[in-house]
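A.B. asks: Keeping their order, the protein sequence lines are chains A and B. Residue numbers are given in the UniProt record's numbering: position 27 of the first sequence equals residue 27, and the series is strictly consecutive. Residue numbers are given in the UniProt record's numbering: position 23 of the second sequence equals residue 23, and the series is strictly consecutive.
In case anyone wonders, no lab produced these hints; they're calculated from the structure. One or more of the hints may lead you astray.
A pair counts as met if it fits within one copy or between any two copies, since identical chains are not told apart.
[Said to hold, decoys possible] The calculated DSS-like cross-link candidates involving lysine-lysine, where the alpha carbons are at most 27 angstroms apart (straight line), are:
hint, residue 1, residue 2
1, 195, 208
2, 412, 108
3, 45, 237
4, 2, 83
5, 208, 229
6, 234, 141
7, 108, 365
8, 45, 2
9, 78, 309
10, 2, 170
11, 157, 108
12, 78, 2
13, 2, 141
14, 157, 2
15, 45, 195
16, 122, 157
17, 343, 309
18, 78, 208
19, 343, 318
Protein chains: 2
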Amino acid sequence: MKAQIITIGDEILIGQIIDTNSAWIATQLQNNNISVIQILSISDKEEAIFNALSNSQDQADVVLITGGLGPTKDDITKQTAAKYFDTFLQRDEEVLQHVTQFFEARGKEMLEINRQQADVLKGCTILFNQYGTAPGMLIKKGATTYIFMPGVPFEMKHLMNTQVLPILCKQDNTTYLAQENIIVGGIGESYLAEKIADLESELPAHIKLAYLPTLAFVRLRLSGTGSHKDDITKETKEFASKLIDRLADHVIANHDTSIEKFLIQKFIRHQLTLTTAESCTGGSLAAMITAVPGCSAMYVGGTVPYSNKLKQQLLDVKEETLSQYGAVSEQTVIEMAQGAKHKFDTNYAVATSGIAGPTGGTPEKPVGTVWIAIAGEKETIARKFQFQNDRTINIERTRQLALFMLWQLLVKEHQIGIDL
Amino acid sequence: MKAQIITIGDEILIGQIIDTNSAWIATQLQNNNISVIQILSISDKEEAIFNALSNSQDQADVVLITGGLGPTKDDITKQTAAKYFDTFLQRDEEVLQHVTQFFEARGKEMLEINRQQADVLKGCTILFNQYGTAPGMLIKKGATTYIFMPGVPFEMKHLMNTQVLPILCKQDNTTYLAQENIIVGGIGESYLAEKIADLESELPAHIKLAYLPTLAFVRLRLSGTGSHKDDITKETKEFASKLIDRLADHVIANHDTSIEKFLIQKFIRHQLTLTTAESCTGGSLAAMITAVPGCSAMYVGGTVPYSNKLKQQLLDVKEETLSQYGAVSEQTVIEMAQGAKHKFDTNYAVATSGIAGPTGGTPEKPVGTVWIAIAGEKETIARKFQFQNDRTINIERTRQLALFMLWQLLVKEHQIGIDL
Numbered sequence: 001m002k003a004q005i006i007t008i009g010d011e012i013l014i015g016q017i018i019d020t021n022s023a024w025i026a027t028q029l030q031n032n033n034i035s036v037i038q039i040l041s042i043s044d045k046e047e048a049i050f051n052a053l054s055n056s057q058d059q060a061d062v063v064l065i066t067g068g069l070g071p072t073k074d075d076i077t078k079q080t081a082a083k084y085f086d087t088f089l090q091r092d093e094e095v096l097q098h099v100t101q102f103f104e105a106r107g108k109e110m111l112e113i114n115r116q117q118a119d120v121l122k123g124c125t126i127l128f129n130q131y132g133t134a135p136g137m138l139i140k141k142g143a144t145t146y147i148f149m150p151g152v153p154f155e156m157k158h159l160m161n162t163q164v165l166p167i168l169c170k171q172d173n174t175t176y177l178a179q180e181n182i183i184v185g186g187i188g189e190s191y192l193a194e195k196i197a198d199l200e201s202e203l204p205a206h207i208k209l210a211y212l213p214t215l216a217f218v219r220l221r222l223s224g225t226g227s228h229k230d231d232i233t234k235e236t237k238e239f240a241s242k243l244i245d246r247l248a249d250h251v252i253a254n255h256d257t258s259i260e261k262f263l264i265q266k267f268i269r270h271q272l273t274l275t276t277a278e279s280c281t282g283g284s285l286a287a288m289i290t291a292v293p294g295c296s297a298m299y300v301g302g303t304v305p306y307s308n309k310l311k312q313q314l315l316d317v318k319e320e321t322l323s324q325y326g327a328v329s330e331q332t333v334i335e336m337a338q339g340a341k342h343k344f345d346t347n348y349a350v351a352t353s354g355i356a357g358p359t360g361g362t363p364e365k366p367v368g369t370v371w372i373a374i375a376g377e378k379e380t381i382a383r384k385f386q387f388q389n390d391r392t393i394n395i396e397r398t399r400q401l402a403l404f405m406l407w408q409l410l411v412k413e414h415q416i417g418i419d420l
Numbered sequence: 001m002k003a004q005i006i007t008i009g010d011e012i013l014i015g016q017i018i019d020t021n022s023a024w025i026a027t028q029l030q031n032n033n034i035s036v037i038q039i040l041s042i043s044d045k046e047e048a049i050f051n052a053l054s055n056s057q058d059q060a061d062v063v064l065i066t067g068g069l070g071p072t073k074d075d076i077t078k079q080t081a082a083k084y085f086d087t088f089l090q091r092d093e094e095v096l097q098h099v100t101q102f103f104e105a106r107g108k109e110m111l112e113i114n115r116q117q118a119d120v121l122k123g124c125t126i127l128f129n130q131y132g133t134a135p136g137m138l139i140k141k142g143a144t145t146y147i148f149m150p151g152v153p154f155e156m157k158h159l160m161n162t163q164v165l166p167i168l169c170k171q172d173n174t175t176y177l178a179q180e181n182i183i184v185g186g187i188g189e190s191y192l193a194e195k196i197a198d199l200e201s202e203l204p205a206h207i208k209l210a211y212l213p214t215l216a217f218v219r220l221r222l223s224g225t226g227s228h229k230d231d232i233t234k235e236t237k238e239f240a241s242k243l244i245d246r247l248a249d250h251v252i253a254n255h256d257t258s259i260e261k262f263l264i265q266k267f268i269r270h271q272l273t274l275t276t277a278e279s280c281t282g283g284s285l286a287a288m289i290t291a292v293p294g295c296s297a298m299y300v301g302g303t304v305p306y307s308n309k310l311k312q313q314l315l316d317v318k319e320e321t322l323s324q325y326g327a328v329s330e331q332t333v334i335e336m337a338q339g340a341k342h343k344f345d346t347n348y349a350v351a352t353s354g355i356a357g358p359t360g361g362t363p364e365k366p367v368g369t370v371w372i373a374i375a376g377e378k379e380t381i382a383r384k385f386q387f388q389n390d391r392t393i394n395i396e397r398t399r400q401l402a403l404f405m406l407w408q409l410l411v412k413e414h415q416i417g418i419d420l
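In isolation and in its complexed conformation, chain A is listed as follows (with noise of 0.2 angstroms):
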C-alpha cells in the first residue's frame, strides 16, 4: 500500500514550527508496512489545498492529510474538501453532543464556530475525536482513500493509533516489511561502501541499503519486502550478519539505537559508573547522557571545568601540566579524566580540551585542535583531532568521538557485544 502525507498550515512554510506530525506518521505507516511515496506541507489556501487533493488521486492509495479544521476563519480545509469531493458539510448530531459536552465539561461558552466543528463531509466515514473538538474524517475517490485529521498532535495520534492504523491494516495484508540495522563507528561512509561493495552489489532488488551517516557513525539499514514474512525476514537478516562479518570492530550494535544509549545500558548491565569533565564540550556530552531516562544509575554526574582556575579545584589539573603544557594538551587532558575518576569514584571517565573556535587559535594549536582522553578501569588512552573552524560542528564531533572511544575502551576491558 502507497502512502502520501499532507500537512496544511502557513506556519510550516515560513519555517515558525517543525513539521514532527509528519514523520510521526511516517513511522507509524512504516512499522505497519505501508510506504510512505511523499510527504508534502502547503498552505492553507483553497487553491493550494485543492491542487493537493486533485493532484495525490490515483497516486497514492491512502491520502492522510492533517491541518486546517480549527473553528477559526483561516481554517478552510473542510469547505475546500467539500467542493474536492464534490459534496457538501452537513451538521452531526453526535459530534454536536461531544462538542457541546467538550465546553460544558470546561464551563465555557460555546459560540457558532464551536458548533461548526460538527459540520462533516456528507457522505464520509467519521473518525470520533474523543480529545478534541475536530472530528476526523475518511473518504474515498477514484481508487484513493482520503484521511482527514486535526493537526493538535495528541489528537492526531489517537486517531492515528485508535482508528486509521486498524482501518489501514484491514485494508493491505499483501506485502511484508523486514528491517535490520547496523551502527558503525570509526570509519568514513566512502571507506564503509567499498569495503561492503561485493556484499552490497549482491543484495538482491527486494532489500535495499541505506546509509544514515552522523558525524562520527554511520546507521545502515537494510530493507527487505517481500509476500512471506518468515522467508524475508531471514533473508534480510543472512545480509546483516554478512555486513557485521565483514565490517567486524566498526559494528557498535546490531540494532537500532543511539550511541549514547547503548552505551547507558551496557554500563548498567556490567554495573559500571561513568563521568565526564568537559572542557570544550562545555557539558553538551553530559547533556547526551542526561537526556536519556534511566542514566542516573550509571552516571554519577561532571564537571564542566571551562577555566584553568576550575581544572585545577575540580580536577586536580597540576599547575606546572597547565604552564608547560597548556588546557589543550595530552598531559592536560589525561590529568582531566584521571583526577575525574578518581574525585569521582567511578570506573571511566571522559575528558574533553579543545580550541573550539571561531577563535582562539596559534600557530601551533590552531582552532580545531581536540584532545579526547578516556581513563578506564586498566589504561587511560588519549587522542589527538584536528578539525576545522565551525564551533557547532567541533562541540559535535568531539562529543561523539568521545562516546566512540568510550565504546572502544569498554569492548576491550570488558568484551562488550553488540547485541542487547
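Could you slot chain B onto chain A? The hints should help.
C.D. replies: Relative to the frame of chain A, chain B by itself:
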C-alpha cells in the same frame, strides 16, 4: 518571489529523521521576503525525483533541493537531474582539487567515488562547498531556477548563507523588507496578544506581526514591506517602539538575539562572571552557554552534580539538607547555587534540581517538579515549577526559565537595558 523546497531521502519518508532543513530554509526565505508555496519530501528514487523537478517547473520562481548528493550508490540526485535538464555530468577541476585537498588535509586515501563528487551538471553555476565534498549547483529551466544543495545541515546552511541567499536577494529587489524583533519573557502568548490587541489591529496591511513562541519566551517579529527603504524602515520601527512601551517589564531585547547571547554580552559588558550547578538540566544549560563564542570571558565553568554525593562533594550541600528536604527542594537548590557561587568565586550562580521524568516522582513531588535558584550579588532567588511528564520538554523549559530568572535578577541588581 515564490519558492518551493524539495527534500530527497527515504530516511524522512520512513520517519527516521525529522526534516529540520526545510524549516530552517523556510525561515531564511521568509526573512528575505521570499514566500514558500510548498515543502515536499520524496524518496531517492529516479522517478520520484524526476517527477518532483518536473512538477515544480513554472510553479515556482526558485526550487531549493537538498539531499542525495553523497558519494554512495543510493544518492542519485545528480544523475536524475542530468536527465531532467537534458545535460550530462562533467568533472570540474576546481572542485576536484578541493575534494583532493579535503582528503589530504585529513590524511585519508581518496577513492574513485570521492572523485565523482567533483562531477557537476554541465551548464550549471557551481556553488562551492567549503565544508564538504559535495558542491551545490544552480541551473535554470524555463522560468524556474533550481538550486541543489547537500542534505548535511551545516553544509547546507553554509551554502545558503554565503551563496544562495545573496543570489536570490539580488534577483528580487523591487520591494524592500524591514524587520524588527522584540524578545519578550515571563508572559504567555495569549496574554501577550490580549495586551497588544489594539496596537495589532492598528497595523496597516503592509506590516505583519508574527508571534514566535519558545517554551519560556516569545519573539515578536514585525515585517514591513514597501517600495521605499527609508519609509518602511521608519514606519516598522515606530510600531516596534509602541509595542516595547506597552510591554515594558517583559521586554528583554529589542533585536533578534537569543537569551543566552544577550545575557553573555551583558555579563561581559558589566565584567561579571557566572557558574552553573545543574542536576535536572544535566549540563544542557552549560552547553547552551558554551555554544556561544566568547563565553569564556564570563563563564568560568560549572558542575553537573547528578548524584547526591556529588552535590555534597562539589557544592558543599549539607547532608542534613538532602536527608531532611530531599534533592528536589528549595533548601537544596539554594545551597547548590550559593555553594557554587562561593566555591568558584563568581558574581552569579544558577542551580537546577528537579524530577525530569518519565519516572522518579512521588505523591508529594510528582514528575515535572523543578526548583531553580539564582545566587546573585545581593540576594538569592528560588522558584518552584510544576511541569508535565515529558523529559525533553522539562529539561528545555527548565534551562530557558533559569536564564529568564538570571535576567530578572541581573536587571534588578544592575539595571541593564534592552539594547546593545
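A.B. asks: Hint by hint, note whether the structure agrees.
C.D. replies: Right, here's what the structure says about each hint:
For a Cα distance limit of 27 angstroms, the shortest separation of residue 195 from residue 208 inside one copy, 17 angstroms, qualifies, whereas the shortest one across copies, 55 angstroms, does not. In this assembly of identical chains, residue 412 and residue 108 lie within 27 angstroms of each other by CA distance solely across copies; the values are 26 angstroms between and 55 angstroms within a copy. Proximity of residue 45 and residue 237 under a CA criterion of 27 angstroms is satisfied inter-copy only: 24 angstroms between copies versus 47 angstroms inside one chain copy. For the identical chains of this complex, residue 2 and residue 83 are neighbours both inside a copy (25 angstroms) and across copies (26 angstroms), given an alpha-carbon limit of 27 angstroms.
Taking the shortest alpha-carbon separations for residue 208 and residue 229, only the intra-copy value of 16 angstroms comes in at or below 27 angstroms, while the best inter-copy value is 54 angstroms. Taking the shortest alpha-carbon separations for residue 234 and residue 141, neither the intra-copy value of 38 angstroms nor the inter-copy value of 47 angstroms comes in at or below 27 angstroms. Taking CA atoms no more than 27 angstroms apart as the test, residue 108 paired with residue 365 passes between copies only; the shortest distance there is 21 angstroms, against 54 angstroms inside one copy. For the homomeric pair residue 45 and residue 2, the shortest alpha-carbon distances inside one copy (26 angstroms) and between copies (14 angstroms) are both at most 27 angstroms.
When the C-alpha separation of residue 78 and residue 309 is checked against a cutoff of 27 angstroms, the pair qualifies neither within a copy, at 57 angstroms, nor between copies, at 53 angstroms. Taking the shortest alpha-carbon separations for residue 2 and residue 170, only the intra-copy value of 14 angstroms comes in at or below 27 angstroms, while the best inter-copy value is 41 angstroms. For the identical chains of this complex, residue 157 and residue 108 are intra-copy neighbours only, at 25 angstroms inside a copy versus 46 angstroms across copies, given an alpha-carbon limit of 27 angstroms. When the C-alpha separation of residue 78 and residue 2 is checked against a cutoff of 27 angstroms, the pair qualifies both within a copy, at 24 angstroms, and between copies, at 26 angstroms.
When the C-alpha separation of residue 2 and residue 141 is checked against a cutoff of 27 angstroms, the pair qualifies only within one copy, where the shortest distance is 15 angstroms, while the shortest distance between copies is 30 angstroms. In this assembly of identical chains, residue 157 and residue 2 lie within 27 angstroms of each other by CA distance solely inside one copy; the values are 20 angstroms within and 32 angstroms between copies. Taking CA atoms no more than 27 angstroms apart as the test, residue 45 paired with residue 195 passes between copies only; the shortest distance there is 24 angstroms, against 50 angstroms inside one copy. Taking the shortest alpha-carbon separations for residue 122 and residue 157, only the intra-copy value of 24 angstroms comes in at or below 27 angstroms, while the best inter-copy value is 46 angstroms.
Taking CA atoms no more than 27 angstroms apart as the test, residue 343 paired with residue 309 passes in both settings, with 17 angstroms inside one copy and 11 angstroms between copies. Within a single copy, residue 78 and residue 208 get their C-alpha atoms only as close as 39 angstroms, which misses the 27 angstroms cut-off; across copies the closest is 20 angstroms, which meets it. Both within a single protomer and between protomers do residue 343 and residue 318 lie at most 27 angstroms apart by alpha-carbon distance, with minima of 14 angstroms and 19 angstroms respectively.
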